[in-house]
Amino acid sequence: MYDYLQSNFSHDSSPPFQGVPKTFSRVVDLCSFDPQREGVPPITFLQQVLAVCFYPELLSDENFALDVRQRARRLIQSCEGSSVGCYTPSSGLVYIQHRIAEFITRRDAGVPTDAHSIFICSGFWRTLTMMTKLLSSSEGEPQNGVLVPLPYPHTLAMVLGLAGIRSVPYRLREDTGWAMDLEELQRAIRTARGCCRPMAIFISNPGNPTGHVQNRKSIEEVIKFAAAEKLFLLVNEVDQHSVHGSGIQWVSYKKVLFDMGPKYWEGVQMASFHSLSNGLMGECGLRAGYMELVNVDKEVMIFAETLLNMDISSPVPGQLALDILLNPPQPSEPSYDLYTQVVEQEILTNLATLTENALRAHDFLNSLPGMSCQPAVGGFYVYPRVDLPAEVLERAKAAGVEADVLYCQELLEEQGVCVGAGSENGNTGGEYHLRLDPSSNTPTRKHAHTQTDRHMCHFLMEIKH
Amino acid sequence: MSQHRLVNPLVRNIRALKRGALVRQAVRIEEEIKQGMKKPYNEVIDVSRDNPHATGMKPMSFSRQVIASCIYPELIDSDKMPLDVRERAKTLLECIGGSVGCYSDTIGIPIMRDSVSDFLTRRDEGVPSASGNIFITHGSDHVPTLMQDSGVLTPVPSQDFGNALVASGATAVPYYLDGQQGWRLHTEELQRALRSAREVCDPIALYVINPGDPTGHVQSRESMEEIIRFVYEEKLLLFANEDHQDILIGEGCMFISYKKVLAEMGSPFSDAVELASIHSASKGFMGEGGLHGGYLELVNFDPSVQIEFDRLISLLGLPIIGQLALEVMLNPLQPGEPSYEQYQEEIQHIRETLVHNVTRAFEVLDSLPGISCEPINGGASMFPRLHLPHIAIHQAKEEEKLPDFFYCSRLLEQTGLCVCPGSDLGLPEGTYHIRLCIMTSVDTMEEVLRRLGKFHKQFMKDFS
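First to last, the sequence lines map onto chains U and Y.
So in UniProt numbering, spot 309 of the first sequence is number 309, and the numbers just go up one at a time.
So in UniProt numbering, spot 274 of the second sequence is number 274, and the numbers just go up one at a time.
Worth flagging that the hints you see were computed from the coordinates, not collected in a lab.
Model, not experiment: these values are computed from the prediction.
Using N, Cα and C, we set each Cβ at its ideal position, and we do this for glycine too.
Careful, some of the hints might be misleading.
Unchecked claim - Listed next, the in silico DSS-like pairs over lysine-lysine satisfying Cα-Cα at most 30 Å (straight line):
#1 K298/U / K401/Y
#2 K80/Y / K90/Y
#3 K58/Y / K39/Y
#4 K397/Y / K298/U
#5 K39/Y / K461/Y
#6 K34/Y / K298/U
Unchecked claim - Simulated coverage check for chain U against chain Y, where a stretch passes if three residues somewhere in it have a Cβ under 8 Å from a Cβ of chain Y:
#7 47-58
#8 77-88
Next comes chain Y alone, as it looks inside the complex (with noise of 0.2 Å):
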């Protein structure tokens, strides 16, 4: 008996990410790597997504230090860890009930809540932040939504976020940044956006990524003080995603959170626009996606919003570690700690290091015929434009690809890089992108570049 039909349509209507097909046809290359076939390198290289730990970046010192002492308490007692370590993991742990193992309470533990909005006020320079609007969550990429039967204006290119809307039953209604101009938002692609959204379904809400991923695009405040407008006089829910605020790559490039702008637009947008900003330790220099820690902050929110979405994430039990996680990355050490200085060192060596790899990134495509990439200020990825020849395109159509997953799939194959196709992200028919990571050790980007830059060429001559 065909199970299809039992399958809930709306789950159905889900894209199929090619990024899942190239997934498995990295895992069959493993699997023959290690029975032995032959091929032109060793290994697969996977920057199709952000994953710093498996792409030879570290993890924070002090972070695992403090989230190892609270997992076994015995290390608390031992000299093997730096004081400072054994203080902050005594203290957590009794906040959390004396183990990693107890329940959490459904909207985070307090004290986590509380250092969250602590360090929100600091952020934000003096911007009050209340506890009581802050919900611990599972991390970024799942974010629970109330957002059902409604429109969300989705950035496009962006992860597939799009796809999470669908399966909760809203509408991703996609308005396009800009290619051309570094991919910043313009208001008057939202209005066309908007326009057509109202068509089709209710829209109430404003999706909007920044610093950009995978655009790498940092806004400026008066871009920010754009979008704050249209949401007021729209009357649009402004859900703000700002994973990546804590590394910056561009010189002289500032991270502003939307909150901050918001209070100091004042009256009366300051009291009126209903923020909600998300933020990770899965991202940035913790890069600890799978620990699933992170947290959502609402301003102006109706209270009984506030409730109902409670209701809706109690079912959901928060992990502990990833809270530990969330925790130590937002209170971090003070000068004169003992761990202070190595973990100063880490954060700038991770900084250093991403600088290098979007430098050396665009010298070697740069050298390289029918591939561009516009300015990264910000963010992990790179998204560079594939400018394809019309017989690669022909030929990608004849064998039923899109042509930008074509060029990934032939690219894997042949060099045992994985990237993602720009398709995956949203992006229409015509232009084509790929998408990869630059949250890599020095080694290892300049090996992706290699392969990269070998295959390109070589893909540019076969389809001339």
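Isolated chain U, as found in the complex (with noise of 0.2 Å):
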């Protein structure tokens, strides 16, 4: 459906269907997620280091302010042959490799980090793809298996499916925020021991495309679940930096992990992964990210590293990038200022309108007939359950289509707003839901919104009818 909906209308500006008259004169995307299309600025510290680095002339020119030559100098010198154009190590650029173990330990209080731990990945999917690869069985034998929440991203299935692993399903509990339930999980190891062999299971937090942001507490229960069930944590962090529910609170799994103590903090293996292409700042058109592996065997990361030395490592400016955003300037240095104006009256500011546009959208949608909507705190996305009547169902399945599915594409076609259908994010046994992302604060969402409202009433007034 996603890709459907992607090549029909690629983007805002694409010219709507041929010959068919409609209502609107271009679509927009409330399911994809491109923030610097939708405006938000990129930051300029960021774009002048990169310059530099790729324009090394540009060391000399004392327009750009002295902190950003000096890192523009430091990383230039970190590349082969002082040239951004070089090939990298396959893990990435060992100076980078340590920023990034720097920004760890940082972030975890001081939770040891191993440099040599960290594999810098073209994107979070590509390095996903990578480990689920790497943990995949061969034909003959048992079939691997991961524990998979539902929902789940919507690329998730593609990808497991890609490297021939059985995903099984535990469920998250909608009616608590979309919260985990260990019940739930030892249910789904007992259906998993059944029919495969499960080895790993996948979380996201922030939860995509729920919003959920676990506490301590659940994190800790997840562990001590994984360390019982022997299972390898595939920890999906992506979306650690919007964090946007007052009051809420974000971990990594790793610090808690380390706070449990040398019987978890020795035993458990995790990856777990972070990508640029997220967080507020959005540099998605660099492709960087990385994964951190804790407590893996030497052997099993040679291996990781020679599958991604014929996979794809990291473009060489999306590594930089990484070191600038996980590393930013210090209040002493001369771009600090310049920076966290973008930061703050740019990104901060968005971040604000994420929590009230999230606010708003659960608001607003749970007030449309037919739908409820669970508060989402983290991440980008809210996801409504939606209850579609019994025609719906019937013209979806004469249709070919799920339900949610249809009512995508009507509201496509109709309103041309296009939001992402639940079953995309998993099969959840005829319950229906949408996938919406309100982060942006343009005019051009607003109306979108309104857009929805008018096609969820329409809709089920068609139905009466």
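From these two lone chains plus the hints, build me the complex, please.
What follows is the structure in structure tokens.
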């Protein structure tokens, strides 16, 4: 479905269907997330440093602040041949691995990080694909399995499918804001053992698409569960910078693991993922992210490196951007003010807007007939449930699509608004959801929300006739 | 608990490349130098892979200026940059949505794909190219394949492509290039390889590299026509890596694309042979391997296959900057534009440097016993053959090392020069080669040849 939408309406400026009169002049995409296309400004410090890295003649240009030039010089030196065009070692530039390790240790209040266990990759999905390939079985053996949350990020199914891994869902509890449920995990593992060889559990924190942020107690429960069942933890933490619910604190799985003491810290194996594409900076086009492996054999890490060597290591500009975004200018440095200005005035404002929008979306959606929505306190989606009448289900069945997909298709064709169908996030047997991104405050999106309202009412009224 | 069992057997089967061990050795040596350990050399020179900017070549000024201006658009408004740089950056920036941080379409930004198809139509003197058949990629080293569970005839010697196939579940079936005849392809050898392939797998494709890497061989039109007839008769896909098409070294050598040859052969070949060709900004005069910009063109492929391919690469996420590098490479400056002369000079300089390096390298090799090399007409590598004395081979086996790796490891330790052992490139036991990148500055090449010459003479003496 996502492909259908994406292929028919790639961006706002694409023309509507030929020949069919439309009530809208352009499509508003509320389900895919490209912050800079929506007007979130890029960070000047990042742009300047990268530009100088690409064209080192600018190192002598005093129009660039001293710390810009110093940072660029350091980064250029960290590249082979002092050029951003050179191939790097397959797990990334050594200097950047160290800088990422510094960031993680700072973030987690001193938990030690080994730079050699950092693998820089071209975005989260590629890295996950590589890890799953590593962990998958070959033909003939019992199929390896991974416990996945339901709902799950919509690209996950394809990634696991490609790697030949069986995914066994554990349901998140919608009525508690999509929290994890230990009993449900236990039920899932029992089911899994009946049909495959479960070896890992995949978690999104903040949740995608749910927007749930786990508290420490919940994380501890999951870690204990994984330890008891000997499961490898695959933890998607790419949205860690966008926690917007008030009073909500995000803590990393690694920190919690460390705080649980040697019994767990020395035994539980984990891969955690972070990426540049998410977060309010949204540098999707630079393609960089990293994976940190904890308690994984050196031997296995060499395999990971081998796979990376022939898969896609991160392009150099993205690696450099990781350094800049994870280790921004400090208060004593010349670019600090400009950086903070951009971050505070633009990006944090957007965070505030996101909070507001998420609340407003939540209230608004709850006010619509047939919709109910849990609060989203992290990430970039709201994920309302929509109760579709029986006629709609029948029509969908006749058309050979899921009912929420039909809804989304009609919303797109009639109102020019693109939202995601919840069935892409896993089949919840008769319950339907939509996936919307409320992150931007542009007038177009406000308008789109109104359109969704009109459409919903219109849809339901149509059914009544 | 041993985690070895966790690892996918397919992955465990990937050949461990000796180059990795050499790189680790080089890192150790560099650490020792940093800590003040005395060595007969001050630094490691790594020519084991094609990484031109690491060996003294300079990036193209125009492309770097354009990319820097796209990254930091304020440069477009300043007069620091020449006018043509600013204009190109402005146009490109508009097409990519105003920032290099935006998402790219999964198969590449439309204007990029148009640029590629325009370039191809120009290059192939009118053979049409449709942007619908163009896919932007991360560069020729990272082409996703649909070839799982199938066999691909793969040239030996070649870069570790075989490994990439194995990792995706395909079988790489070797066909041996002729090391006595300039590394050309023989159809008889292809037929032999195909017969043996059919006993173990379902071979569906033939992979060719032209200009050859690391062999330096540039195929003649006749040879290419033979290949096309072969794939037509055997109903194989033809997968052509043409990454080194930009710079030829051999006098009078010409590059023709497989697409052009195919088109000019006419029916039934031109309608039936399924051809996939790749190129990138990683090699040639750009040398921007770290930016990940390349393209793939499909000819005569079933539309349903193209759709499958589209879905497969939709997970990839293409970097914008790589596409910018590609665009500048394929859409060069015109005479009269402010940066044109400098651009042409830079390309000319690279060409001349390569020709000079090859000449010097042959001079040095001809003076050394026990080492010989086929002529180099293209590409960026040299692939000399080592005629190792028996004693050396015996010593290598005592140390449980492949003989060419044994040679490379000693070369690195004693002279700080890192080259790639031929066994990494698929060559069977019994012949020994080394591969070195010749896309280096003149001074670097002198130093490389000095170290290699000195070491080799001593080695041959020590093991005679």
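Okay, the hints, checked on the actual structure:
no.	hint	result
1	K298/U / K401/Y	holds (23 Å)
2	K80/Y / K90/Y	holds (15 Å)
3	K58/Y / K39/Y	holds (29 Å)
4	K397/Y / K298/U	holds (27 Å)
5	K39/Y / K461/Y	holds (22 Å)
6	K34/Y / K298/U	holds (26 Å)
7	47-58	holds (count 8)
8	77-88	holds (count 10)
Hint check: no violations occur; every hint is consistent with the structure.
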